[in-house]
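Q: Each chain, written out:
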Amino acid sequence: EAQVTQNPRYLITVTGKKLTVTCSQNMNHEYMSWYRQDPGLGLRQIYYSMNVEVTDKGDVPEGYKVSRKEKRNFPLILESPSPNQTSLYFCASSFGNSYGYTFGSGTRLTVV
Amino acid sequence: GENVEQHPSTLSVQEGDSAVIKCTYSDSASNYFPWYKQELGKRPQLIIDIRSNVGEKKDQRIAVTLNKTAKHFSLHITETQPEDSAVYFCAARGSNYKLTFGKGTLLTVNP
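Residue numbers (our numbering), protein chains in the order written: chain A, 71 to 182; chain B, 17 to 127.
Incorrect hints may appear among the rest.
What the hints assert, rightly or not - Okay, derived cross-link-like pairs now, DSS-like style, lysine-lysine, Cα gap no bigger than 25 Å in a straight line:
#: 1; chain 1: B; residue 1: K58; chain 2: B; residue 2: K114
#: 2; chain 1: A; residue 1: K127; chain 2: B; residue 2: K114
#: 3; chain 1: B; residue 1: K74; chain 2: B; residue 2: K84
#: 4; chain 1: A; residue 1: K87; chain 2: A; residue 2: K127
#: 5; chain 1: A; residue 1: K127; chain 2: B; residue 2: K119
#: 6; chain 1: B; residue 1: K87; chain 2: B; residue 2: K58
#: 7; chain 1: B; residue 1: K114; chain 2: A; residue 2: K135
#: 8; chain 1: A; residue 1: K88; chain 2: A; residue 2: K139
#: 9; chain 1: B; residue 1: K73; chain 2: B; residue 2: K38
#: 10; chain 1: A; residue 1: K127; chain 2: A; residue 2: K141
#: 11; chain 1: B; residue 1: K53; chain 2: B; residue 2: K84
#: 12; chain 1: A; residue 1: K127; chain 2: A; residue 2: K139
#: 13; chain 1: B; residue 1: K38; chain 2: B; residue 2: K74
#: 14; chain 1: B; residue 1: K114; chain 2: A; residue 2: K139
#: 15; chain 1: B; residue 1: K38; chain 2: A; residue 2: K141
Claimed, not checked - Pulled a few chain B residues facing chain A out of the computed Cβ check, cut under 10 Å:
#: 16; residue: V20
#: 17; residue: H23
#: 18; residue: S25
#: 19; residue: K38
#: 20; residue: S42
#: 21; residue: P50
#: 22; residue: Y52
#: 23; residue: F105
#: 24; residue: K114
#: 25; residue: L115
#: 26; residue: G118
Stated by the list, open to error - From the structure, some residues in chain B lie toward chain A, with a derived Cβ separation under 10 Å:
#: 27; residue: Y48
#: 28; residue: Q61
#: 29; residue: L62
#: 30; residue: V103
#: 31; residue: R109
#: 32; residue: T116
#: 33; residue: F117
Hints listed in this document are in silico derivations from the structure and should not be mistaken for laboratory results.
The C-beta atom is built at its ideal place from N, Cα and C for all residues, glycine as well.
In isolation and in its complexed conformation, chain B is listed as follows (with noise of 0.2 Å):
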């Protein structure tokens, strides 16, 4: 099955400063790519995905890349605001249709 592998597990950052997050996959099939923001006593909540017909997509100060190759995507925060604090999960659906989730990347933004 699809195994998910997420880095760093926590991450310090200056607010302003860029944050990145890396994930590996194992399932070559794999097709869907999403990202989680879980916020404390929260229920996780997409904040964006990318298919594996794309190699990147952006939406304001966040971003998403993909390298199928090489089987890995990240998710970019440029400058980064507290209220950008929280756990991220990535994610991907492999082909058994199952969604494996990363173990979760503790972002702490601070001012």
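One chain only, chain A, in its complex shape (with noise of 0.2 Å):
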């Protein structure tokens, strides 16, 4: 089944601890890119990927890395999480500029 996963689905951790959020697609899509949810505001767009070793920060990439090492991954790296990233997170892929995009089903992190 063509999908993208996202790991863990929900997350409670503690403010300074570093943690990875994994993201993999399986339909062998160009583009990745990773968006934050928060009531009000939409989809913000944190950091995207047009291809392997090519990122850009999006929007919001304060407090951010991700990596793309391989064509199917691209983790997103809180390196000293902080209470304002408590957020809905979601994973995306698409094949190319004028395709939409493939969301994964979404990680809960919360940051106490």
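With the hints as a guide, bring both chains together as one complex.
A: Here you go:
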């Protein structure tokens, strides 16, 4: 089944404890992206990648890191999480510039 | 960068009526405009999209129109049903290849 898989689905962590949210797609998509969703603010792009080893900042990149060492994987790293990073995170992938994103199931992160 | 404005933020209609959601964008080089539906607790799902070389696209009860001159595009849902109730997002892909979303419209279809 074609899909974008994120893990974990839910995560509660403490301020400052490094964490990684994994994202993997099995559709051979070129583009991958991370969004955060907060009430009233819609979906805001954190980072995106147009191909292996090619990444760029989105609208809200502060406090996040990404890497794209393989085409299928695009992990999101929070080196020192803070409470303002409590949010619902979505990973997404697409074939290219004129195609829509397929979203993962989301990761609900709480930082206390 | 691209800026996408979406209106209204909430929309309530009676079952069987039509619903229209409007978006404007700022980057004249934007060339791809998808619409997503997000049901409560679920992921956003692509329902229809339009590319800049087309003015209108229809898929059963949903249609999207694009006015490149005015830099706005709209989603039209006809004969609405309760299962159409969800949050709808428009988006635009600008010259920097980023996909920027509007803030969403909560559509409620009352039986």
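Q: Hint numbers the structure violates, sorted upward?
A: Hint check: 6, 15, 17, 19 and 20 fail, others pass.
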